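Participant: Spelled out, the chains give:
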Amino acid sequence: MLSQALQFFFSGLTSGAIYALAAIGFTIIYNSSGVINFAQGEFIMVGGVVAVMLTDAGVPLPLAIAIAVAVAGIVGLLLEKLAIEPAGNAEVVTLIIITIGASIFIQGVVQVVFGKGQRALPPFTGDKPILFGSASLLPQSLWMIGTGALIVLMLAWFFGRTRLGKAVLATAHNRLAAQLVGINTRHVLAVSFVLSALVGGVAGVVSAPITLTSYDTGIMVGLKGFVAATLGGLGSGAGAVVGGLILGLMEALVAGYVSSAYKDAVPFVLIILILFFMPRGLFGERVTERV
Amino acid sequence: MSLLAVEALSKSFGGVHAVQDLSFEIEQGKIHSIIGPNGAGKTTVFNLLTGLYKPSTGRVVFDGEEVTGRDAHELARRGMSRTFQNLQICFNMSAVENVMVGAHLRLDQRLLGCMLRLPAVKRGDTRCRDEAVELMHFAGVGKYAGAEAHAMPYGALKRLEIARALAARPRLLLLDEPAAGLNPTETHEIDELIQKVAASGTTVVLVEHDMRLVMGISDHILVLDYGRKLAEGSAREVRANPEVIAAYLGTLSESQER
Amino acid sequence: MLITAAVIALLPLALPNNYYYDVAIRIGMNAAMVVGLNLLIGYAGQISLGHAGFVGLGGYASAILTSRYGWPPVAAMLLAMACVGAIAFLVARPILRLRGHYLAMATLGLGIIIYMVLVNESSLTGGNDGMQVPPFTLFGATLANERAWYWATGAVLLVAIWVANNIVDSPLGRALRALHGSEVAAQVAGVDTTRYKVRVFVVSAVFASVVGSMMAHYVGFITPQVSGFFHSIELVTMVVVGGMASTYGAVVGAAILTMLPQVLSRFEGYEMIAFGAILMLTMIFLPRGLLPTIAARWRRS
Numbered sequence: 001m002l003s004q005a006l007q008f009f010f011s012g013l014t015s016g017a018i019y020a021l022a023a024i025g026f027t028i029i030y031n032s033s034g035v036i037n038f039a040q041g042e043f044i045m046v047g048g049v050v051a052v053m054l055t056d057a058g059v060p061l062p063l064a065i066a067i068a069v070a071v072a073g074i075v076g077l078l079l080e081k082l083a084i085e086p087a088g089n090a091e092v093v094t095l096i097i098i099t100i101g102a103s104i105f106i107q108g109v110v111q112v113v114f115g116k117g118q119r120a121l122p123p124f125t126g127d128k129p130i131l132f133g134s135a136s137l138l139p140q141s142l143w144m145i146g147t148g149a150l151i152v153l154m155l156a157w158f159f160g161r162t163r164l165g166k167a168v169l170a171t172a173h174n175r176l177a178a179q180l181v182g183i184n185t186r187h188v189l190a191v192s193f194v195l196s197a198l199v200g201g202v203a204g205v206v207s208a209p210i211t212l213t214s215y216d217t218g219i220m221v222g223l224k225g226f227v228a229a230t231l232g233g234l235g236s237g238a239g240a241v242v243g244g245l246i247l248g249l250m251e252a253l254v255a256g257y258v259s260s261a262y263k264d265a266v267p268f269v270l271i272i273l274i275l276f277f278m279p280r281g282l283f284g285e286r287v288t289e290r291v
Numbered sequence: 001m002s003l004l005a006v007e008a009l010s011k012s013f014g015g016v017h018a019v020q021d022l023s024f025e026i027e028q029g030k031i032h033s034i035i036g037p038n039g040a041g042k043t044t045v046f047n048l049l050t051g052l053y054k055p056s057t058g059r060v061v062f063d064g065e066e067v068t069g070r071d072a073h074e075l076a077r078r079g080m081s082r083t084f085q086n087l088q089i090c091f092n093m094s095a096v097e098n099v100m101v102g103a104h105l106r107l108d109q110r111l112l113g114c115m116l117r118l119p120a121v122k123r124g125d126t127r128c129r130d131e132a133v134e135l136m137h138f139a140g141v142g143k144y145a146g147a148e149a150h151a152m153p154y155g156a157l158k159r160l161e162i163a164r165a166l167a168a169r170p171r172l173l174l175l176d177e178p179a180a181g182l183n184p185t186e187t188h189e190i191d192e193l194i195q196k197v198a199a200s201g202t203t204v205v206l207v208e209h210d211m212r213l214v215m216g217i218s219d220h221i222l223v224l225d226y227g228r229k230l231a232e233g234s235a236r237e238v239r240a241n242p243e244v245i246a247a248y249l250g251t252l253s254e255s256q257e258r
Numbered sequence: 001m002l003i004t005a006a007v008i009a010l011l012p013l014a015l016p017n018n019y020y021y022d023v024a025i026r027i028g029m030n031a032a033m034v035v036g037l038n039l040l041i042g043y044a045g046q047i048s049l050g051h052a053g054f055v056g057l058g059g060y061a062s063a064i065l066t067s068r069y070g071w072p073p074v075a076a077m078l079l080a081m082a083c084v085g086a087i088a089f090l091v092a093r094p095i096l097r098l099r100g101h102y103l104a105m106a107t108l109g110l111g112i113i114i115y116m117v118l119v120n121e122s123s124l125t126g127g128n129d130g131m132q133v134p135p136f137t138l139f140g141a142t143l144a145n146e147r148a149w150y151w152a153t154g155a156v157l158l159v160a161i162w163v164a165n166n167i168v169d170s171p172l173g174r175a176l177r178a179l180h181g182s183e184v185a186a187q188v189a190g191v192d193t194t195r196y197k198v199r200v201f202v203v204s205a206v207f208a209s210v211v212g213s214m215m216a217h218y219v220g221f222i223t224p225q226v227s228g229f230f231h232s233i234e235l236v237t238m239v240v241v242g243g244m245a246s247t248y249g250a251v252v253g254a255a256i257l258t259m260l261p262q263v264l265s266r267f268e269g270y271e272m273i274a275f276g277a278i279l280m281l282t283m284i285f286l287p288r289g290l291l292p293t294i295a296a297r298w299r300r301s
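Protein chains in written order, with this note's numbering: chain A, 1 to 291; chain B, 1 to 258; chain C, 1 to 301.
Isolated chain A (complex conformation) (with noise of 0.2 Å):
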């Protein structure tokens, strides 16, 4: 019973992971742009793919690691250099079709170069499962978990501490301000989307082993992680986190104890509930228009 709810509490913290490292990066797209980045579980994708493609060719595990993350950076860093920046100020909803755009293409792109197959990376350190009770947990979970902790603490010290991180809160709180104070806001633009990118990236090399990948994989991440982002109130970071571990938590509780089949519906009934009744998520701040 009680070694039950730890399995699914390890499953929904290992998932929780990945859904929190895609709702940051949505997070901090959205802050420095406004966007909605709906490629952004292509940057998850990307990421997974490239690992497993280079593994393949017999590239060393770190090193394909390594490139398969700098990859998602540069797509992150073209998206927004061809697709973003010449839309100029669009209205929402084009901009949000350009991302989706961009989504279907890197879809595309990978299918052709990877195949329409799902493959696995090998996992870092072994598939011995880990034995508490009778619950086990993967080593591959631990590196997810892992790794979402270390990103999200380098992160706070990026945002907190460094200049560039500094001014990218301040181009997001007023990008005038931020302008007048002499912070080159374009080039903020792309720090976002490639740092957003690489946080994908990251977060699909550590789950491909356990998720498999295939071409078509980031469209489920990339929206549960957009719920997620929702849910913790777009914008804030901790929300972020916050939101893809109650997610993760939340869907494996009820594929456990209510039905696996409805698993993937958890998060939209989820947040359809919780924007009824709190319109800007779990910690969005409350706004009054000014009229």
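It is worth saying that the hints were derived from the structure and are not from the lab.
Since the structure is predicted, the reported quantities are computational estimates derived from the model, not experimental observations.
C-beta atoms are modelled at their ideal positions from N, C-alpha and C, and glycine is treated no differently.
There may be inaccurate statements among the hints.
[Stated by the list, open to error] Simulated restraints, written as ranges between beta carbons of each label pair: (1) C:Pro94 / A:Leu6: 31 to 39 Å; (2) B:Leu111 / A:Arg163: 55 to 63 Å; (3) A:Gly160 / B:Gly64: 51 to 59 Å; (4) B:Gly39 / A:Met278: 25 to 33 Å; (5) C:Ala14 / B:Asn86: 48 to 56 Å; (6) C:Arg99 / A:Gly88: 16 to 24 Å; (7) C:Arg99 / A:Tyr257: 30 to 38 Å; (8) B:Gly39 / A:Thr162: 32 to 40 Å; (9) A:Gly88 / B:Arg129: 34 to 42 Å; (10) B:Asn86 / C:Asn145: 55 to 63 Å; (11) B:Gly64 / C:Arg99: 32 to 40 Å; (12) A:Thr162 / B:Leu111: 39 to 47 Å; (13) A:Ala261 / C:Tyr270: 28 to 36 Å.
Fit chains B and C to the supplied structure of chain A, relying on the hints for placement.
Facilitator: Coordinates of chains B and C only, in the frame set by chain A:
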């Protein structure tokens, strides 16, 4: 009897008191002004009266009925109408259509009638369009009757908003800085327009910085400072009030010098 | 309106065979649906990323009622409309209080939930494998071939355009456009903005339901994919590519995005790349959509 009574109205935003313990009355058929330095809470008062903000405490009584916290569209139904300091024009529509929106409540808006374009809906719409054009002439923007809203200059848009507010045939019309950003000639025209509106029996409440305009046309003036009532009375009384002079003199003399 | 009728009447002269009829029918059906969705997105300015959910509900309601319960297709279609309208009405009020990305999120979630219900309730829907749908009959006559379907679709499209244009040019439509242009201005003019958003949401959901039913009968088969996220995106894209707040833009958008996959199928394997690229390029260079951009150019010269 007063048309509108405000009792101990307060509104705070996250600990900041924008309006505090404010009471005043608006009398039927007169021109009232609310003045005060920037940030005194004038626009907040308008937003509270018209239902865009919900008051933290206090009561608003309109035409003998308590309406505190009602939604904006309900207050419109009861006869309130307003313009905005920073224009709220629908730039996705033509000028006439903007004015026609003002007449919304008097038209047949039932779904089926609109879907099938029943003759009654069509007739009502045609009449409404004619009236809207007339109102635009009344407000002095008749020459833009065929224009798109986004093609109109700032001064004309201010008056287009007044025309839209009048299209509702309000009993209480609240004008938020109708002369802001206008040159002296345009200000003078707005002055005349407001007097015409008041003469037709509509009660007017004005938030305005142009002191010459305010002092010239107001029957009653309410002075706000830091969200509180500083003084009220006729133009002469307010001008002679030492507290008003102390708090406000700088701004007052500046704008009179203009 | 007359031009559209003329195009529909004369188009068969240019359609050499059933394949082209089939494409024309699909365009017509999508156009009718997108004309409705444009009322919500283009005119009222409220995004829906889950509209395919209503297409799926309409289609499956027709499919289930006719094939499992032996209902006449017209009755099934009407009941589907009523049910979809009722469901849309129930969820609309809480959902449409939301704005911007939160609204996008909630509608997206709604669509995905509907999709998952259709996949998982396989005893009723056949699950991922889909289900057969009997042909459409009306007063004993069956819409048996492409030509019959073509005229039926044309008629439905004309009615859809007529109704949409009526709504746009009515007090209701002005209220919708006003709340898009300035929500507070609409409110102080007496527009109960939430109520109007709900109304247009329901209307566009019913449009989607009708076309969902028709498509199910026309194709003779239905799978949960009709309500999938990607289909929702396709519908929104049709609205935006053609031109927001333009009924004929919606028709053009539907035509382009229905034909695009047919054209792109020649580039086997590269369809997604081409589709994504076209989507991005159109939105970057013609953010207002095709028809309004062309109209603006034409007016200037």
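Participant: Hint by hint, say whether it matches the structure.
Facilitator: Do the hints match the structure? See the list:
| no. | hint | verdict |
| --- | --- | --- |
| 1 | C:Pro94 / A:Leu6: 31 to 39 Å | holds (36 Å) |
| 2 | B:Leu111 / A:Arg163: 55 to 63 Å | holds (57 Å) |
| 3 | A:Gly160 / B:Gly64: 51 to 59 Å | holds (57 Å) |
| 4 | B:Gly39 / A:Met278: 25 to 33 Å | holds (31 Å) |
| 5 | C:Ala14 / B:Asn86: 48 to 56 Å | holds (53 Å) |
| 6 | C:Arg99 / A:Gly88: 16 to 24 Å | holds (22 Å) |
| 7 | C:Arg99 / A:Tyr257: 30 to 38 Å | holds (35 Å) |
| 8 | B:Gly39 / A:Thr162: 32 to 40 Å | holds (36 Å) |
| 9 | A:Gly88 / B:Arg129: 34 to 42 Å | holds (36 Å) |
| 10 | B:Asn86 / C:Asn145: 55 to 63 Å | holds (60 Å) |
| 11 | B:Gly64 / C:Arg99: 32 to 40 Å | holds (36 Å) |
| 12 | A:Thr162 / B:Leu111: 39 to 47 Å | violated (56 Å) |
| 13 | A:Ala261 / C:Tyr270: 28 to 36 Å | holds (35 Å) |
In terms of the numbered hints stated before, the structure departs from hint 12 and from no other.
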